[in-house]
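Asker: Please put together the full structure from these sequences, using the hints given.
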Amino acid sequence: MYEHIVAFKFRTELSASQEEGLLSQLLSFQGTIPGIVSMSAGKNVTHETDNVHGFSLGLRITFEDRDALLAYGPHPAHQRFVASLDGLLEQVVVVDYEIASGGGRP
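Residue numbers (our numbering): 25 to 130.
Because the hints were derived from the structure by calculation, they are not lab data. Some clues are possibly wrong.
Simulated restraints on C-beta separations [what the hints assert, rightly or not]:
#: 1; residue 1: Leu51; residue 2: Gly111; range: 19 to 25 angstroms
#: 2; residue 1: Asp89; residue 2: Thr36; range: 33 to 39 angstroms
#: 3; residue 1: Gly45; residue 2: Glu122; range: 29 to 35 angstroms
#: 4; residue 1: Asp120; residue 2: Thr56; range: 16 to 22 angstroms
#: 5; residue 1: Ser125; residue 2: Lys33; range: 31 to 37 angstroms
#: 6; residue 1: Leu113; residue 2: Arg84; range: 16 to 22 angstroms
#: 7; residue 1: His77; residue 2: Asp120; range: 16 to 22 angstroms
#: 8; residue 1: Asp89; residue 2: Ser39; range: 34 to 40 angstroms
#: 9; residue 1: His77; residue 2: Thr56; range: 27 to 33 angstroms
#: 10; residue 1: Glu88; residue 2: Arg35; range: 30 to 36 angstroms
#: 11; residue 1: Asp89; residue 2: Ala40; range: 34 to 40 angstroms
Heads up, the beta-carbon is just placed ideally off N, CA and C, and yes, glycines get one too.
Answerer: Rendered as structure tokens:
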């Protein structure tokens, strides 16, 4: 399995309805995009830093295999979401990694 983690930083603070709309789009991926085992998305509520970095939304998707991860990017639902971010994003951080089976390294 593969984990896909994304942190979103926006140019300006989003309204509550904008945040909810984006989160709703993200959460609609499960059941729409093949190969998703589990996922979650939400607003950053960390108290571990002063949040000066400004990443306000996060996404985590577990894919069944590498092929599913690779098919995710060009999927029409994902591409519609990316298009909806036009002009909103300042920065995005993406981390993809293989999940080790049995607690060891892959």
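Asker: Broken hints, numbered, in rising order?
Answerer: none
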